[in-house]
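*Asks:* Sequence:
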Amino acid sequence: MKVLVIAPPYPLEECPAPPLGVAYVAANFLEAGAEVRVVDYIVNRYTTEKFRDLLDDFEPDVIGANSVTMNFPGAADIIRTAKRHRPSAITMMGGCHVSFDIDGTLTTYPEIDLLVLGEGERTIADLMNCFSKGEDWRKTKGIAFRDEGRIVVNEPQEFIEDLDSLPFPARHLLPLSRYQALGYPASLITGRGCPYSCIFCVGRRMVGKKPRQRKASFVVDEIEEILGYGFNRINIVDDLFTSNHQKVREVCEEINKRNLRFTWTAFARVNTVTAEILEMMRKAGCDCISFGMETGNREMLKRIRKGATLEQARQAAQLCKDAGIIAHASFMVGLPGENWETLKDTADFSSSLDIIYGFHILAPFPGTTVREEKEKYDIEILTDDWNRYDANQSVVRTSALSDADIEKFVADFDGQLDEAWQKMLYNYHHGTPTAEETMRVAGHYRTQFVYKLLSEDILEKNGSFPMKILARGPNGSVDPLCQRLQALTGGDADIIKKTIEQFVGLGYLKSRQEGDNLIWHWTHNNRIDR
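Residue numbering for the sequence shown follows my numbering, starting at 243 and increasing by one per position.
Since the hints were made in silico from the structure, they are not lab data. Check each hint, because a few of them may be wrong.
[Said to hold, decoys possible] Distance condition first, Cα-Cα at most 25 Å in a straight line; then the derived SDA-like pairs of lysine to any residue:
| # | residue 1 | residue 2 |
| --- | --- | --- |
| 1 | Lys325 | Thr289 |
| 2 | Lys740 | Asp656 |
| 3 | Lys499 | Asn513 |
| 4 | Lys457 | Arg388 |
| 5 | Lys451 | Gly472 |
| 6 | Lys381 | His414 |
| 7 | Lys752 | Lys499 |
| 8 | Lys525 | Lys452 |
| 9 | Lys703 | Gly673 |
| 10 | Lys740 | Lys752 |
| 11 | Lys452 | Tyr351 |
| 12 | Lys244 | Tyr351 |
| 13 | Lys694 | Thr674 |
| 14 | Lys244 | Arg279 |
| 15 | Lys381 | Arg364 |
[As the list claims (entries may be wrong)] Restraint-style ranges between C-beta atoms, simulated for each label pair:
| # | residue 1 | residue 2 | range |
| --- | --- | --- | --- |
| 16 | His686 | Asp319 | 27 to 35 Å |
| 17 | His487 | Gln635 | 37 to 45 Å |
| 18 | Arg294 | Ser593 | 23 to 31 Å |
| 19 | Glu614 | Tyr668 | 46 to 54 Å |
Fair warning: this is a prediction, and the values are worked out from it, not measured in the lab. Glycine included, C-beta positions come from ideal geometry on N, C-alpha and C.
Start from the sequences and build out the full structure, keeping to the hints where you can.
*Replies:* Set out below in structure tokens:
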């Protein structure tokens with residue numbers, strides 16, 4: 243049985259990692275005996291023509307995609323296209339959005355045959371068993387589907403207690419070289435589950451309140467596999483990495499025992515870190531921790547059931563400084579009951595921490611308490627246009643603040659950042675930039691160039707050269723490529739040349755001869771034997 247797994251488009255500006263959920267789904271289909279192909283439209287340009295050609299070439303029996311709320315419409319449209327082009331295929335979607343918007347999804351998109359709800363690995367195994375035996379998959383736990391116009395939601399699947407029973411994510415099926423070209427880290431989990439009850443979070447409903455931990459040896463085995471692909475930076479994406487200090491200690495000790503050298507980041511809560519734990523993490527390579535601090539107002543913290551205090555936030559920031567770890571704080575604007583006073587409290591508190599911080603706007607995703615119990619809170623949800631649920635534009639208002647007021651607060655903060663950025667750009671182009679300014683601006687231009695290469699299929703369309711025009715010498719084929727890319731993108735010639743030469747040296751880009759032409763292409767991944 244052939245299975246096509248789709249990673250739908252997602253903004254590159256949001257710095258997505260190689261999609262971990264997609265890799266887990268693919269791995270479980272593989273383990274169940276399927277022939278699996280992954281198509282990643284995060285770092286490849288999506289067009290209906292390309293997609294239809296892929297369907298004709300691979301001829302999948304099952305087509306699936308997962309998504310978050312923001313990119314759900316695009317993902318669902320791809321599945322719609324798939325079903326219309328290949329009606330015999332079974333189409334499915336999974337992820338947090340469809341798990342908590344079952345009626346909306348199945349009503350709006352009749353082309354989707356079934357939804358995988360919540361944690362999906364065991365459900366995938368059960369479905370594959372039915373598919374391969376020709377049995378009725380409609381009895382499978384953990385799915386929703388239509389039956390003669392009626393929406394059926396089956397009994398939920400149990401959470402997987404032994405996470406070590408899962409196969410490692412099938413990263414070998416992802417176009418890893420493209421993510422590495424962007425400088426994005428790989429991601430992994432050391433456990434699932436979060437015991438807290440923040441009203442804006444859907445994570446605990448997807449993976450449960452009870453934390454489930456993986457064995458440290460298995461985690462570090464996977465780290466070694468990731469490093470073998472050429473990554474030197476990893477993001478631990480547990481909802482709460484520091485929920486279990488013994489687990490943290492064991493993972494850090496295992497990293498040091500194997501003498502692994504890489505840097506990594508993690509998410510934590512301000513009330514779950516100590517000087518001892520942070521020192522241990524730092525020695526194992528952790529250089530940055532992200533905290534969801536949300537607000538600088540005490541009453542607001544209670545209202546959103548954060549379960550943490552401002553004093554704990556201050557202490558966590560200072561402990562990170564003491565340990566030599568960069569602390570990053572995320573604050574949320576537009577929370578229930580938000581007013582000008584609470585915004586001022588948040589602005590004052592965030593700036594007083596003397597750490598890196600930023601603001602996002604509340605997006606009440608399906609499955610969150612704030613959405614399902616909105617009548618209990620001072621909040622009005624203005625739209626269900628999921629394309630707007632990107633945490634960068636307001637889809638809510640409170641009795642004291644309009645959606646425009648909420649957006650203005652964030653825009654004023656962003657304006658301050660932009661003013662500093664414009665000064666940096668001026669120094670880079672007209673003045674005497676510092677080494678840091680040079681690095682940041684050049685890095686920005688490099689990233690924009692790579693964005694353009696990936697999102698517009700520039701190399702795929704323009705990477706062919708007649709052999710007879712290529713000059714001899716070590717850079718004979720690279721120089722014409724750089725010149726063409728500079729003309730097409732309008733980027734800085736020196737940055738483009740250094741970037742392309744680096745990509746070739748690292749193996750992200752390679753060339754092959756086809757007849758009388760030399761063809762430049764992206765490699766899939768660069769597995770390194772360790």
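*Asks:* Each hint should be assessed against the structure and marked as holding or not.
*Replies:* Checked hints:
| no. | hint | verdict |
| --- | --- | --- |
| 1 | Lys325 / Thr289 | 16 Å, holds |
| 2 | Lys740 / Asp656 | 31 Å, violated |
| 3 | Lys499 / Asn513 | 28 Å, violated |
| 4 | Lys457 / Arg388 | 39 Å, violated |
| 5 | Lys451 / Gly472 | 34 Å, violated |
| 6 | Lys381 / His414 | 32 Å, violated |
| 7 | Lys752 / Lys499 | 36 Å, violated |
| 8 | Lys525 / Lys452 | 28 Å, violated |
| 9 | Lys703 / Gly673 | 38 Å, violated |
| 10 | Lys740 / Lys752 | 15 Å, holds |
| 11 | Lys452 / Tyr351 | 33 Å, violated |
| 12 | Lys244 / Tyr351 | 23 Å, holds |
| 13 | Lys694 / Thr674 | 28 Å, violated |
| 14 | Lys244 / Arg279 | 8 Å, holds |
| 15 | Lys381 / Arg364 | 14 Å, holds |
| 16 | His686 / Asp319: 27 to 35 Å | 31 Å, holds |
| 17 | His487 / Gln635: 37 to 45 Å | 38 Å, holds |
| 18 | Arg294 / Ser593: 23 to 31 Å | 52 Å, violated |
| 19 | Glu614 / Tyr668: 46 to 54 Å | 49 Å, holds |
In terms of the numbered hints stated before, the structure departs from hints 2, 3, 4, 5, 6, 7, 8, 9, 11, 13, 18, listed from lowest to highest.
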